[in-house]
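*Asks:* Here the protein sequences line up with chains A and B, keeping their order. Going by my numbering, the first residue of the first sequence is number 1, and it counts up by one from there. Going by my numbering, the first residue of the second sequence is number 1, and it counts up by one from there.
Do not take every clue at face value.
Unchecked claim - Heads up, simulated DSSO-like pairs for lysine-lysine below, C-alpha to C-alpha not over 27 Å straight-line:
no., chain 1, residue 1, chain 2, residue 2
1, A, K194, B, K99
2, A, K96, A, K194
3, B, K99, A, K23
4, B, K201, B, K50
5, A, K23, A, K96
6, B, K99, B, K132
In case anyone wonders, no lab produced these hints; they're calculated from the structure.
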Amino acid sequence: MFLPRRFIELSAKLGSLPGIGPKAADRLVFYLLDQSEEDIRALADALVAAKREIHFCTRCGNFAQGNLCEICQDLSRDGGLLCVVEEIRDLAAIEKTGVYRGLYHVLHGRIDPIARVGPEELGLNRLANRIRTDGVHEVIIATNPNFNGDITAMYIAKLLSELNVRVTRIATGIPKGSELEFADVFTLTQALEKRTDVQG
Amino acid sequence: MFLESMWVQGFRALAEQRLEFTAPVTVIQGGNGTGKTTLLDAVYFLASGKSFLGLANAELIRDMNPYFVVAGQYRALDAVTGGVVNHAVQAMFTSEGRKELRIDGTVYRGFIHLVGGLRVASFNFNSVFLVKGLPSARRQFINLLVASSDRVYLETLSAYTEVMAHKNAVLRQSSFTTPDMSLLDLFDEQIVRLSTAIYAKRRAALAVIDRAMRQLVSSGLFGVFKDLVIAYEPRAISVDSIRALRDRELARHACLAGCHLDDFSLLRSGKQFRESASLGEAKVAALLLTLAGAEFTRAATGEYPILLLDDLEGDIDMANLDRVLHLVTQFDQVFITSFDAARLGSGLNAQSVNL
């Protein structure tokens, strides 16, 4: 082997990250070794600090540097509106739209009995409690439109049916910029069933 | 529907075959073990993503081969435009378990996507189980038949399979954790909704098949079966009826109601044909069902499926064989395996393939 042991160790570590294969890992090591020691130290510090200081928001499950995340601390947001998502990356996707001004609840998963994840593991009772105490008037369920996401949504809807809260689910339909002929029958059926009026 | 060419490599008995088909009837000849039935199975695989022997993909790979490939080019009627469209499919499976499926250049993950493309009606030595065998054989028959012409049925079936897998997982885990009853309720609601939809489509299809079967008999084919009818009465299903089984389901760790336990039966003079039929009668009745199924496909899609007939001579008397061969001329394309091609091929516009 013509590369030093340290090089190989670092490449293996980077290669274990999602989306990074062995070649990309090697390229990253080459790049990193080209940087000044200061820059490398800054990077390492940032990694350690992020791991040490970022926790889950105690209220919604988003990333937070204190007890509460930025979104939960933002008083201009509508505290009566709650959007339930599976993962923080889903929250990020909705935030990017810039149109949603309510709060979130991140489940960190979805009901998947085969992977032994049930309502209890997802802490769905915690969600119900939050709705009872926080004065929520509408819950928007934004779980993924696949089997496990659907089951999770239905379970939540049932769980909340006894509470005095409106429960909605984000619409499914044809993606913008795509073409109808490539849509699967289920999506197309749903899009037809949940069609909306067009303003003339 | 017409299969124009085929490429089979490392699939069961076949090392490699590249074949082109032009005549409406292809007679496949060869001695024992040369792969006649395998070639029909390869065509069946292109239509269903499965072997008609019910083997797992890994078992379909020829000994010493690292993979199998089954590919074909066919033309089919486009249901919407009414025009004829060419298609190309290629399925590959490696001994490491890697699957690759291409349909008209697009890559898909599961072989299930083959269903609905090429359509076949298949009669082979396993067909006897349609009459004599367990309900699963009949469900497989009706499922492939309906799914081949109805995308929504196929999607509904996959959704149902998914619900079952998850519900069974909860039931299995119930031996060491307390199961979440409202989660089971939710699965039961889905099972009722999907089963009801599936029952309705099976009922409609079986009514067409029953009618077609009796028409075939009244036209002179297998006259002995003039009293044969299809009976289909799925057990009524509701959320309450499943809930009543909850304790038993928890004890058995299995879902005990739904369309995965469904069945249809053949009645002759009002009695279960399954029990009274001889093996010979069962085979002939299976052929009748296969041909009636082809009529269903034609009614649903506007064209006949490709007919696959394996070892017909062994089971059918001469008079009926002639009638079957006459019927066969209605199909756009037929594959027949035979030891005696000369006799089968006479009078038919046939091409021979020697293996």
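*Asks:* Out of the numbered hints, which ones does the structure contradict?
*Replies:* 1, 5 and 6
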